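Novice: Chains A and B, in that order, give the protein sequences.
With UniProt numbering, the residue at position 28 of the first sequence is 28, and numbering never jumps.
With UniProt numbering, the residue at position 415 of the second sequence is 415, and numbering never jumps.
Simulated from the structure, these hints should not be mistaken for lab results.
As the structure is a prediction and not an experimental result, all values here were calculated from the model.
Heads up, some of the hints might be wrong.
[Claimed, not checked] Derived coverage of chain A by chain B (criterion: at least 3 residues anywhere in the stretch with Cβ under 8 Å from a Cβ of chain B; other residues may be distant):
1. 6-13
2. 100-112
3. 122-131
[What the hints assert, rightly or not] The calculated SDA-like cross-link candidates involving lysine to any residue, where the alpha carbons are at most 25 Å apart (straight line), are:
4. A/269 x B/292
5. B/244 x A/13
6. A/269 x B/284
7. B/244 x A/19
8. B/244 x A/234
9. A/269 x B/244
10. B/244 x A/56
11. B/244 x A/11
The beta-carbon is built from N, C-alpha and C at its ideal position, and this holds for glycine as well.
Okay, here's what each chain looks like letter by letter:
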Amino acid sequence: MSATNERVRILRGREWARPVRPVRREVLGAAPELEEGRPPLLFVPGFGHGAWAFAEHWLEHAASRGFPAYAVSLRGHGGSERAPEATLRAYTHDVVQVAAGLPRQAVLVGHGAGALVVSHAMARYPARAAVLAAPVMGGWSTAATALRRNPVGTLPALVGGPLKLHRRQLFSRELPDADARRYAAQLGRVARRAQWQLLAGREAEPAVGRPPVLVLGSPDDRVVPPAALARAARRYGSAPLLFPGMGHDLMLDARWREPIDAILDWLVKEPQRA
Amino acid sequence: MPPSTEHGRPDPETTTLALSRDGRPVSDRGDTVCVIGAGASGLTAIKNLTEHGFGVDCYERETGVGGAWNWRHDRSPVYASTHLISSRPFTQFPDFPMPDSWPDYPHHSQLLSYFERYADHFDLRRHIWFGTEVVRVEPVADDRWDVTTRSTGGYGPERTSRYAAVVVANGHNWSPKLPSYEGLAEYRGEVMHASSYKDPAQLRGKRVLVVGAGNTGCDIAVEAAQQASRCWHSTRRGYWYAPKYVLGRPADQVNDLLLMLRVPLRLRQWLYHRTLRLTVGDLTRFGLPKPDHRVYETHPIANSQLVYYVGHGRIAPVPDVARFHGGGVTLTDGREIDPELVVFATGYLPRFEFLDPKVLGDSDASGRPRLWLNAFAPGYPTLAVAGLLQPDSGVFTLSHWQTVLFARLLQARLARPQRAAAFASRVEAGAGERYSGKVKDSSRHWFEVGHADYLRAVQRALDELEAGR
Ligand SMILES: Cc1cc2nc3c(=O)[nH]c(=O)nc-3n(C[C@H](O)[C@H](O)[C@H](O)COP(=O)(O)OP(=O)(O)OC[C@H]3O[C@@H](n4cnc5c(N)ncnc54)[C@H](O)[C@@H]3O)c2cc1C
Ligand SMILES: NC(=O)c1ccc[n+]([C@@H]2O[C@H](COP(=O)([O-])OP(=O)(O)OC[C@H]3O[C@@H](n4cnc5c(N)ncnc54)[C@H](OP(=O)(O)O)[C@@H]3O)[C@@H](O)[C@H]2O)c1
C-alpha cells in the first residue's frame with residue numbers, strides 16, 4: 001500500500017454532478033435499556049455479508065453494555081435493495097447516509113472489506129472513532145492471499161466473475177459445523193465493479209477530523225494475513241489487537257464475545273484524536 | 001458571576017481578569033475562539049474549530065440556530081414558499097449529507113431541521129450563548145480580541161471577554177436594501193420590503209407591483225401571479241431566467257458536470273443560451289427586456305415558473321419605476337400603473353456595526369469589505385469572516401472550507417509560524433481578489449463568486465499552508 005495521502009481534496013465535481021442513486025437500505029439496531037450518553041456504533045459488514053452478521057451477537061451485546069448499536073446492509077447485500085452496478089463510492093454513500101442520520105456522532109466499525117468502505121466513509125463523515133476488524137483494505141496483495149488460500153473461489157473473481165468465500169476461510173474449527181453452514185448459506189455476492197475496485201481502487205482520502213482508529217484481527221485469519229493486519233494498523237499509527245485462534249468472521253465465530261468486548265473497552269476509555 | 005442571559009446558561013468561565021482600554025474588567029478566555037452567529041456559517045465554524053481542538057464560544061442574538069433559515073427569527077428573509085435554488089449534492093455540507101429521501105430542492109423548513117440536526121449531531125449547542133448580541137469587537141495586543149456582548153434587545157449589563165481569535169458569521173441577507181424614489185412619501189398604497197413578506201395571503205386579491213428580479217423578486221412575482229388580482233413585475237434590466245431542470249437533471253448538476261470537464265466559460269455561456277433558446281425561446285416577445293449581459297454575468301436566477309406565468313399573462317413585465325405619486329406609479333416608459341401594494345425585492349446589504357469598518361479594509365466606509373478569499377483581513381491574522389459570499393450555488397460548502405482553512409491557519413500559528421506568516425503576506429497581496437468571471441456592476445454582486453473558481457483558490461491556500469507537513 002502506498003504512503004497515505006494527507007491532502008484534503010476540496011473540489012469534488014463528480015460528487016456534485018453525479019450524485020449516487022438512492023436505494024432502500026436495511027438497517028438493524030439494538031437500543032440500550034438505559035440511555036447513558038454513549039456514542040452510537042454503526043457496524044459495516046464486508047462484501048458478501050449483510051447486517052444480519054452483526055445482528056447474530058454483536059448488536060445486542062453492545063446495547064447491553066450501553067451503546068446504541070446499528071448495522072447497515074450495503075446496497076445489493078442482505079435486505080437492502082438490489083444494486084448490481086454498485087461501486088465503492090455507492091457503498092461509501094450508504095454508510096455516510098446512515099451515520100449522518102443517527103442522532104449523535106457515530107463510531108464506524110467495519111469488518112472485512114467493510115473496513116475499506118469505512119476508511120472511505122471517514123473521508124466524507126467525521127466519525128467519532130473507527131474500528132477496522134479483520135480489515136480487507138484492498139490492493140493486489142489481497143488478491144494474492146485469496147488466490148493462495150482459495151484458488152477455486154478466487155480465480156473467477158479476477159476475471160470478472162463472482163467471488164466465492166469458503167466457510168473454512170471464514171470460521172475457526174471451534175464453530176459448530178451446522179452454524180458455519182447456516183452462516184455461509186446467507187453469504188451474498190458483491191457487485192462486479194466494487195469487487196474490481198477492491199483490487200485496483202484508490203487509496204482513501206484523509207479522514208475528516210483525524211478520529212482515533214483501532215485495528216484488530218486474528219493471526220489465524222485465512223483471508224487477512226498478519227502482515228496485512230499490521231500494515232492497516234501502521235497506517236493509522238498503531239499496532240493491531242490480536243485474537244489468536246479465531247477465523248475471519250470475528251462477529252460470528254465461537255469466541256465472538258472477546259473482540260467486541262475489546263472494542264467496547266477501548267471506546268469506554270474515550271480514545272483521543274490522532 | 002450572575003448569568004447575563006435569561007435562560008439559565010452560565011457565562012463563559014473566566015480564567016484571569018484583565019482590563020479593557022477604558023478600564024472595564026475583561027474576562028480572559030485564553031485560547032478560546034469566538035464565533036459570532038449560529039446560522040449555517042457559524043455552526044460549521046464551531047464544528048470545524050472544535051474538531052481541530054479549539055475551544056469555542058459562540059454568541060447568537062436569536063433564540064435558535066439556523067440564521068436566515070429559521071423563519072421564527074424576526075430578521076429571517078425566508079417566506080413560506082422558499083425552496084433551495086441549488087440542488088442537494090453541492091448545497092449540503094461536504095461531510096454531513098442531507099437524507100437521500102429529500103427532494104432535489106428541499107423546503108426551508110427542511111433546511112432548518114438539517115441545521116438543527118447538524119447542531120445536535122456534533123453537540124454544538126453547548127458552545128452557543130443564545131439571546132446574546134455582540135455589540136463590539138476590538139483588536140487588542142498580541143492579535144487578540146475583546147468581544148463585548150449584551151442580552152438581545154439591550155437588557156442587562158454589557159460583558160467583555162478576551163479571545164484568541166474571532167470568526168464573524170453574522171450573515172449578509174437580513175438588512176434590507178431599499179431604494180429611494182421621488183414621491184414615495186405621498187403614495188397612499190402599501191409598501192414593504194421583501195424581508196417582511198412571509199405568506200401569499202399578504203397578496204391575495206390585491207393589485208401588486210414587485211420590484212427587482214433576484215430570486216426573491218421572481219419567487220414573489222410567481223406567488224402574486226397565483227394569488228393577486230394583478231401582478232406587475234418591474235426590472236431595470238433583462239435577465240436570464242434559468243429553469244431548475246435542464247437535460248433531465250437539476251440545472252446546477254449539469255453546470256457542475258461542465259465545470260468538472262473544464263468547459264471554458266464562453267462555451268458554457270453559449271450552451272446555456274442555446275438551451276434557453278430551444279426551450280422558452282426569445283423572451284422579448286413577452287415584453288421582457290433583452291438581457292444587457294451574458295448568462296453568469298448577473299447572479300443566477302433559478303425559477304421555472306416565472307416565464308410560465310408571463311406566458312399565461314398573469315405577470316406583466318414592466319420597466320423600472322420612475323416615480324411614485326399619491327395614486328400610483330409612473331414607469332420609465334411613461335406608463336402609469338395603480339398598484340395597491342408594492343413589494344421591494346431589491347436585496348440586502350451587509351452590516352458589521354460591531355466592528356470598525358477599517359478592520360475589514362473598508363477604508364471609505366462604503367460598507368464593502370476588502371478581504372482575501374472574502375474571509376481574511378490584511379493585518380488581522382486571527383480574524384476570519386465566514387459566509388460573506390454569494391455563490392452561483394449553495395453557500396454552506398464554501399463556509400465549511402473557509403472555516404477549515406481558518407482552523408488550520410490557527411494551528412499553523414502555533415506549530416509552524418513561518419507558514420502562518422507566509423499566509424499573512426498572501427492576505428496582504430490578495431485582498432480584494434475576485435473569484436468569478438465578469439459581473440454587472442451592482443452592490444448585489446459585491447460578494448458574487450463562482451463556486452468552482454472560489455474553491456480552487458481555497459484549495460491552493462490550503463495546499464500552501466500545509467506544504468511540507
Ligand atoms: C430568500 C432567501 C433564500 C436563500 N436561498 C439560498 C439557497 O437556496 N442556497 C444557499 O446556499 N443560500 C441561500 N440563501 C442565502 C443565505 O443567506 C444562506 O443560505 C445562509 O443563510 C447564510 O448563512 P450564514 O450563517 O452565513 O448567515 P445567516 O443565516 O444570516 O446567519 C447569521 C446569524 O448571525 C446572527 N447574528 C448576526 N449579527 C449578530 C450579532 N451582532 N450578535 C450575535 N448574533 C448575530 C444572526 O442572528 C443569524 O443567526 C438565501 C437567502 C435568502 C434571502
Ligand atoms: N429560493 C431561493 O433559494 C432564494 C430565494 C430568494 C433569494 N435567494 C438568494 O438570496 C440572495 C438575495 O436575493 P434577492 O433576490 O433578495 O436580492 P438580489 O439578488 O440582490 O436582487 C435584487 C434585485 O433588485 C434589483 N434592484 C436593486 N436595487 C434596485 C433599485 N434601486 N432599483 C431597481 N431595482 C433594483 C436588482 O437589480 P440589478 O440586477 O440591476 O442590481 C435585482 O434585480 C441571493 O443570493 C439569492 O440567490 C435565494
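Novice: All the hints need checking, so say for each whether the structure fits it.
Specialist: So, going through the hints one by one against the coordinates:
1. 6-13: holds (count 8)
2. 100-112: holds (count 6)
3. 122-131: Holds: 3 residues of the region 122-131 of chain A have a Cβ under 8 Å from chain B.
4. A/269 x B/292: violated (65 Å)
5. B/244 x A/13: Holds - the C-alpha atoms of residue 13 of chain A and residue 244 of chain B are around 19 Å apart, at most 25 Å.
6. A/269 x B/284: Violated - the C-alpha atoms of residue 284 of chain B and residue 269 of chain A are around 69 Å apart, more than 25 Å.
7. B/244 x A/19: Roughly 17 Å separates the two Cα atoms, so the pair holds.
8. B/244 x A/234: violated (48 Å)
9. A/269 x B/244: violated (50 Å)
10. B/244 x A/56: Violated, at about 47 Å.
11. B/244 x A/11: holds (23 Å)
Of the hints listed earlier, those the structure fails to meet are numbers 4, 6, 8, 9 and 10, in rising order.
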